[in-house]
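**Q** Listed below, chain by chain, are the residues.
Protein chains: 2
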Amino acid sequence: MKLKVKKMDWSSGNSLICILNTEDAARLNAHRGERILIRGIKNHKKITATLDESLYEIKEGEIGLNYEASKLLDAIDGMYCEIEPVAISEAVRYIKDKLDGKRLSKDQINKIVEGITNNNLSSIELTYFVAGSYIRGLSLQETSYLTEAMYKTGDVLKFDSELVVDKHCIGGVAGNRTTPIVVSIVAAAGLTIPKTSSRSITSPAGTADAMEVIFNVELKEDDIFRVVKKTGGCMIWGGALSLAPADDKIIRIEHPMAIDSFEQMVASVLAKKKSVSSDIVLIDIPVGRYAKIKSMKEGLRLAELFRGVSKRIGLRTEVIITKANGPIGRGIGPALEARDTLRIFENHPLAPADLKKKGIMLSGKLLELAGKANKGTGNKMAEEIMNSGMARDKFFEIARAQGLRIDSSSKVSLGQYKTFIRANKSGVVSLIRNDLIAYAARIAGAPKDKGAGIYLKALRGEKVEKNQILFELYAENMKKLNEATKYINQNNPYLIKQ
Amino acid sequence: MKLKVKKMDWSSGNSLICILNTEDAARLNAHRGERILIRGIKNHKKITATLDESLYEIKEGEIGLNYEASKLLDAIDGMYCEIEPVAISEAVRYIKDKLDGKRLSKDQINKIVEGITNNNLSSIELTYFVAGSYIRGLSLQETSYLTEAMYKTGDVLKFDSELVVDKHCIGGVAGNRTTPIVVSIVAAAGLTIPKTSSRSITSPAGTADAMEVIFNVELKEDDIFRVVKKTGGCMIWGGALSLAPADDKIIRIEHPMAIDSFEQMVASVLAKKKSVSSDIVLIDIPVGRYAKIKSMKEGLRLAELFRGVSKRIGLRTEVIITKANGPIGRGIGPALEARDTLRIFENHPLAPADLKKKGIMLSGKLLELAGKANKGTGNKMAEEIMNSGMARDKFFEIARAQGLRIDSSSKVSLGQYKTFIRANKSGVVSLIRNDLIAYAARIAGAPKDKGAGIYLKALRGEKVEKNQILFELYAENMKKLNEATKYINQNNPYLIKQ
Numbered sequence: 023m024k025l026k027v028k029k030m031d032w033s034s035g036n037s038l039i040c041i042l043n044t045e046d047a048a049r050l051n052a053h054r055g056e057r058i059l060i061r062g063i064k065n066h067k068k069i070t071a072t073l074d075e076s077l078y079e080i081k082e083g084e085i086g087l088n089y090e091a092s093k094l095l096d097a098i099d100g101m102y103c104e105i106e107p108v109a110i111s112e113a114v115r116y117i118k119d120k121l122d123g124k125r126l127s128k129d130q131i132n133k134i135v136e137g138i139t140n141n142n143l144s145s146i147e148l149t150y151f152v153a154g155s156y157i158r159g160l161s162l163q164e165t166s167y168l169t170e171a172m173y174k175t176g177d178v179l180k181f182d183s184e185l186v187v188d189k190h191c192i193g194g195v196a197g198n199r200t201t202p203i204v205v206s207i208v209a210a211a212g213l214t215i216p217k218t219s220s221r222s223i224t225s226p227a228g229t230a231d232a233m234e235v236i237f238n239v240e241l242k243e244d245d246i247f248r249v250v251k252k253t254g255g256c257m258i259w260g261g262a263l264s265l266a267p268a269d270d271k272i273i274r275i276e277h278p279m280a281i282d283s284f285e286q287m288v289a290s291v292l293a294k295k296k297s298v299s300s301d302i303v304l305i306d307i308p309v310g311r312y313a314k315i316k317s318m319k320e321g322l323r324l325a326e327l328f329r330g331v332s333k334r335i336g337l338r339t340e341v342i343i344t345k346a347n348g349p350i351g352r353g354i355g356p357a358l359e360a361r362d363t364l365r366i367f368e369n370h371p372l373a374p375a376d377l378k379k380k381g382i383m384l385s386g387k388l389l390e391l392a393g394k395a396n397k398g399t400g401n402k403m404a405e406e407i408m409n410s411g412m413a414r415d416k417f418f419e420i421a422r423a424q425g426l427r428i429d430s431s432s433k434v435s436l437g438q439y440k441t442f443i444r445a446n447k448s449g450v451v452s453l454i455r456n457d458l459i460a461y462a463a464r465i466a467g468a469p470k471d472k473g474a475g476i477y478l479k480a481l482r483g484e485k486v487e488k489n490q491i492l493f494e495l496y497a498e499n500m501k502k503l504n505e506a507t508k509y510i511n512q513n514n515p516y517l518i519k520q
Numbered sequence: 023m024k025l026k027v028k029k030m031d032w033s034s035g036n037s038l039i040c041i042l043n044t045e046d047a048a049r050l051n052a053h054r055g056e057r058i059l060i061r062g063i064k065n066h067k068k069i070t071a072t073l074d075e076s077l078y079e080i081k082e083g084e085i086g087l088n089y090e091a092s093k094l095l096d097a098i099d100g101m102y103c104e105i106e107p108v109a110i111s112e113a114v115r116y117i118k119d120k121l122d123g124k125r126l127s128k129d130q131i132n133k134i135v136e137g138i139t140n141n142n143l144s145s146i147e148l149t150y151f152v153a154g155s156y157i158r159g160l161s162l163q164e165t166s167y168l169t170e171a172m173y174k175t176g177d178v179l180k181f182d183s184e185l186v187v188d189k190h191c192i193g194g195v196a197g198n199r200t201t202p203i204v205v206s207i208v209a210a211a212g213l214t215i216p217k218t219s220s221r222s223i224t225s226p227a228g229t230a231d232a233m234e235v236i237f238n239v240e241l242k243e244d245d246i247f248r249v250v251k252k253t254g255g256c257m258i259w260g261g262a263l264s265l266a267p268a269d270d271k272i273i274r275i276e277h278p279m280a281i282d283s284f285e286q287m288v289a290s291v292l293a294k295k296k297s298v299s300s301d302i303v304l305i306d307i308p309v310g311r312y313a314k315i316k317s318m319k320e321g322l323r324l325a326e327l328f329r330g331v332s333k334r335i336g337l338r339t340e341v342i343i344t345k346a347n348g349p350i351g352r353g354i355g356p357a358l359e360a361r362d363t364l365r366i367f368e369n370h371p372l373a374p375a376d377l378k379k380k381g382i383m384l385s386g387k388l389l390e391l392a393g394k395a396n397k398g399t400g401n402k403m404a405e406e407i408m409n410s411g412m413a414r415d416k417f418f419e420i421a422r423a424q425g426l427r428i429d430s431s432s433k434v435s436l437g438q439y440k441t442f443i444r445a446n447k448s449g450v451v452s453l454i455r456n457d458l459i460a461y462a463a464r465i466a467g468a469p470k471d472k473g474a475g476i477y478l479k480a481l482r483g484e485k486v487e488k489n490q491i492l493f494e495l496y497a498e499n500m501k502k503l504n505e506a507t508k509y510i511n512q513n514n515p516y517l518i519k520q
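Keeping their order, the protein sequence lines are chains A and B. Okay, so the first sequence: first residue is 23 according to the working numbering, each after it adds one. Okay, so the second sequence: first residue is 23 according to the working numbering, each after it adds one.
It is possible that some hints are incorrect.
Just so you know, same-sequence chains aren't split out, so a pair can sit in one copy or run between any two.
[Unchecked claim] The list that follows gives simulated cross-link-like pairs (lysine-lysine, PhoX-like), each with its CA atoms no further than 25 Å apart: (1) K124 / K379; (2) K316 / K118; (3) K180 / K124; (4) K440 / K174; (5) K440 / K397; (6) K93 / K29; (7) K447 / K333; (8) K242 / K440; (9) K485 / K68; (10) K128 / K479; (11) K180 / K252; (12) K68 / K333; (13) K93 / K68; (14) K479 / K333.
It is worth saying that the hints were derived from the structure and are not from the lab.
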């Protein structure tokens, strides 16, 4: 059937959608949810779109295409297309197999991931895949296939270096901004570490949110190569690149249901690492009662999965499990975390010792893994690089190459609305609830409001007097400050024992 | 936040969707997939819509609403709304529980079904519910709660009758149009049988598709009451009514993945029966190698589920398992099945004996169940009603009350393109593949093309000579006739043994 394109100015955010007039759909014997092959008669481009139904607007002889479908077909209004219904896709059959509890082969997983990447699966079909994988589970082998398929269907950045190292923290701990420390020390030692980071989805700040207070993190591919060639490292937001694009689409489907299976997490992290051609990866799994991973048993299972998949896809991965008894560092929120980072490099009296120590420890591990330091001497080497100022110099070298914004902790601008939260009794701080601190910082406006967040004055184990300031709360408007204060009054993150 | 409505001329077919400008979304701290409460400032209407993202078109200060959202909010362009993000809905939490393998309570299932009915769940969330129920299963108790919730969230038709009877066949057998026979006999015996039927989704014809060749099947509620009051029965398409609307939405999500769990099937059928206030229901489960239900074991499990749920929701249900060794009747496709029906009432020499016999048998069962006939005498009574002409009179009385179109089998118009399929050898017809016959009839154009389909000349067990006509193939255009012929040549539905 030959139809004329009508571009529709809406986006599904994902799937390719076409709309037919009811009469044309009947003639084609095509129904809602079925797939339609659309071929541009002049430009010879081909796409497969899902048929939806519109209650009005499409005339006989026309085919409506949403933004994604128009774009992929290079469509212009009025252009003629040949259309025909297509049989159920292979990918859909394999998704059904997963729902039915079957193991999927490498080829079957490739077909599904290609369908996701090319938008040939509808969001309903993708949801079935996510739900099926979540409930039925993915074996180690399946998870490895998924990881490989995800990075192979995206761009892979290759650097002029024999060895590329990388680190990743699975998150769930407020503060904990170790990336700038590790990248600076490791690059200063002469290693190549092209670090991509994410923005926050559910936390008060992602590394990209915090670092862009200090320098530009949105770089094009050419600029990434330039920065890494010049400095040995980079600290960029990975979201603007097309690294493992299927992964981003899967995450988008998981989000509404707060689904986070270990298998999807491992595939997601390791696919991104392979996308920047990493050879050696250090994974940090923080474990704590109020963190993402709550028990050592879970932590060990996740570590084992990271190791097993890494082995199968040719990555040298070391996993370390760290304690997460509360926030790490003092600042929570983009600007406050940026200030902590700068203070560490400045050797400032208020630099958070715990964060600095953890960053050095992770760097030491990476130096040992990459053969820059002998076993047992990595920590010392990392410490020297930090204390000598080499790490600071490397940090600013990278920041300048990416586009420096501020060069001193004193120039970080915080939210102009501020309040102090005080101790309601004297005693010792026995616990700072990581989850409540993070949520309060989000209510205050982080990460969208860069200057919003929390600054911890009293740390765990410290003795405090009644009415002493426990932490400062920052916001960029009065309403959010009040809401966050109200939340804290009802959900006190500090436990003080007499 | 106060925003101005912009109506968007597209329909999701289901969910309420709103679009915000990126800046407004950031200010609201709302993300794609999250829920937004929208309140008309003047008209005080309230809806909850899912936030989607648009790549262009929505200006700051505006909120785009899709067709469904605009309709429910009674929105006009430029009208002001107060909007705020809402917390994750209870229904979503319970869906997550089902994914995690938990049993759901009555209240939890009610919340989910309300969310489906009111379009407060996105299609992604609904897919998670369908996938979770499919993989984790629903217990007998959960299936009963689901059934009740589905009919209680829709309209329930009440008739002036002490006893309402009904029948349902789970389908999967070509031909097999027993409804007009059963309704006519049972209503002629003085019982009330307001029968709703569906249109075909995957078969060559639903009862509604076939009967509308003879009479109008799309009745408004008032007309249904009038017809049933006058005649004791009706044969209508249920799809135009709002009976158990959540069920239709669930079916729409199941369709792309061809999911049909027994639990969803039972809930769907029995909810529709409760929606017309049925007291007594007869369920026909055809079992055969090429039918929907392939083994007696499966048939028995399904029967048990029908009985168990019926008991819990207060329905007197009898289930019978029938043999389905091939198509029942001779015609497959709307017009051809309508002709079989008329021929049975006309006592025509070509009336299909197997279909007539099965219709009488089912009627007899219902007469016994409703106390019109003593145990063991129902079949005889049904036969007498048929042979005396009372069933024919009742059939035309109902047809006239609904809007008669044709009154004789000779007036049924078939597809003008026709071909004969002949035996390639002599022997005995040992099998007619139900699935292949049905698929070939669909390729020929059924059910959209009313006159398309297949008419069986040789039946199972009959002796045929080489080149004798096995069946006739009808279509409304040459192309479809050729495609169906090609399909049959590659997938011969007749097995002939020498």
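**Q** All hints, please: hold or fail.
**A** Now for the hints, and whether the structure bears them out:
| no. | hint | result |
| --- | --- | --- |
| 1 | K124 / K379 | neither (46 Å within a copy, 43 Å between copies) |
| 2 | K316 / K118 | between (33 Å within a copy, 19 Å between copies) |
| 3 | K180 / K124 | neither (36 Å within a copy, 46 Å between copies) |
| 4 | K440 / K174 | neither (48 Å within a copy, 52 Å between copies) |
| 5 | K440 / K397 | neither (47 Å within a copy, 84 Å between copies) |
| 6 | K93 / K29 | both (9 Å within a copy, 24 Å between copies) |
| 7 | K447 / K333 | neither (52 Å within a copy, 61 Å between copies) |
| 8 | K242 / K440 | neither (37 Å within a copy, 63 Å between copies) |
| 9 | K485 / K68 | neither (69 Å within a copy, 51 Å between copies) |
| 10 | K128 / K479 | neither (52 Å within a copy, 48 Å between copies) |
| 11 | K180 / K252 | within (15 Å within a copy, 80 Å between copies) |
| 12 | K68 / K333 | neither (38 Å within a copy, 54 Å between copies) |
| 13 | K93 / K68 | within (11 Å within a copy, 35 Å between copies) |
| 14 | K479 / K333 | neither (43 Å within a copy, 64 Å between copies) |
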